[in-house]
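Novice: Those protein sequence lines, which keep their order, are chains A and B. If you're matching positions, the first sequence starts at 1 in our numbering and goes up one per residue. If you're matching positions, the second sequence starts at 1001 in our numbering and goes up one per residue.
Some hints could be false.
[Stated by the list, open to error] Covered stretches of chain A (chain B as the covering partner; in silico rule of three or more C-beta atoms under 8 angstroms from a C-beta of chain B): (1) 5-11; (2) 31-45; (3) 91-98; (4) 114-124; (5) 134-142; (6) 157-166; (7) 174-182.
[Stated by the list, open to error] Derived SDA-like pairs: lysine to any residue, alpha-carbon spacing no greater than 25 angstroms straight-line: (8) B:1146 x A:63; (9) B:1064 x B:1078; (10) B:1146 x B:1172; (11) B:1150 x A:181; (12) A:183 x B:1008.
Since the hints were derived computationally from the structure, they do not count as laboratory data. Quick reminder that beta carbons are idealized off the backbone N, C-alpha and C, glycines included.
There are 2 protein chains.
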Amino acid sequence: MITTANIKNGVNVDQLVETINHVQQDPSLAKFEFRAKNNWIDGGHCVTSIQDFYGVGQEHPVRKDNFTMEADHVEVLLGQDQAPNPAEIVLHALGSCLTGAMAYHAAANGIEIEGMESRLNGDVDLHGFLGLDPEVRKGFNGITVKFKVKSDASEEQLRALSQFSPVFDIITNPTPVTIEFEK
Amino acid sequence: MITTANIKNGVNVDQLVETINHVQQDPSLAKFEFRAKNNWIDGGHCVTSIQDFYGVGQEHPVRKDNFTMEADHVEVLLGQDQAPNPAEIVLHALGSCLTGAMAYHAAANGIEIEGMESRLNGDVDLHGFLGLDPEVRKGFNGITVKFKVKSDASEEQLRALSQFSPVFDIITNPTPVTIEFEK
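So that you can see chain A by itself, here it is in the shape it has in the complex (with noise of 0.2 angstroms):
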């Protein structure tokens, strides 16, 4: 007997339920923790590592590949330019987390998707970061993401999509950061 995986959107459905259907039945099986160890090279230069995490009730020690990443600072803002900036990195993590957030909802959903590219671009006044105005805020001001994707799905049903993506949660709410300084 040939069995044809049922793969939409790229997303493997069948292992989507039975995944969903094992956290149901242990609920300590959802608990993640991801990790990054970062290194300063020199000024806004540096070089973040991604290896292991915990997850479905287990460490993941090794990956498929050692991940490392750099940030850099533009020209203009005192850097080398040899890598995109934490800004734009941001995007990055925002354009993908609603992009996989909207394939697997479709597919869990059975809507059909084509394709998907967006847009993002965010806007900052430098007064908050170089400290001369403490009521301008640090960050960015807003993010715009303009979406084009291919799917006979209405736009509400996309929109309902990507409000599961779980950086859209970090940005839009406020997510508690706690800062150590070891010795």
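Please arrange chain B on chain A, whose structure you already have, making use of the hints.
Specialist: Positioned in the frame of chain A, the structure of chain B alone reads:
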């Protein structure tokens, strides 16, 4: 006459002071817009291109490099693990931004930093993303950053420097995100 650039922590302090003076003379120079273009591959696999930005009163259409970054999901979350996932990319953005902000603001304050590294972790309960419990948030419940900084500065000073980080602000405070769907 030989002049030596005033470099501290990899930051050109003379240029930093000059930048602050320019912004104080013409506040419009402080307006920046960063941009990203995201293309879906399949499932949770995406690629982001970073190129142009607006800042110091003009468009900057080209960069040193045409930066591209990928995102994917880990295999237990039905991805192919070809790149870090969006939640890990948020940790990369935060670690890099805190570190860069500390290097820049330390330089501006005459504080020397010899080395910095940090370990970041963020915990997620998948009941949120999977839509199993509307009371559980989809993003990180919290992020912890553990810094090791080689410097004579006190912990209190380092903490104050870190608070200038734009990504720290984006994550800890609500940042409005507008999503538009175009035909």
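Novice: It remains to establish, for every hint, whether it holds in the given structure.
Specialist: Tested hints:
{"no.": "1", "hint": "5-11", "verdict": "holds (count 3)"}
{"no.": "2", "hint": "31-45", "verdict": "holds (count 15)"}
{"no.": "3", "hint": "91-98", "verdict": "holds (count 8)"}
{"no.": "4", "hint": "114-124", "verdict": "holds (count 10)"}
{"no.": "5", "hint": "134-142", "verdict": "holds (count 6)"}
{"no.": "6", "hint": "157-166", "verdict": "holds (count 6)"}
{"no.": "7", "hint": "174-182", "verdict": "holds (count 9)"}
{"no.": "8", "hint": "B:1146 x A:63", "verdict": "holds (22 angstroms)"}
{"no.": "9", "hint": "B:1064 x B:1078", "verdict": "violated (35 angstroms)"}
{"no.": "10", "hint": "B:1146 x B:1172", "verdict": "holds (17 angstroms)"}
{"no.": "11", "hint": "B:1150 x A:181", "verdict": "holds (11 angstroms)"}
{"no.": "12", "hint": "A:183 x B:1008", "verdict": "holds (22 angstroms)"}
The structure shown violates just one earlier hint, number 9.
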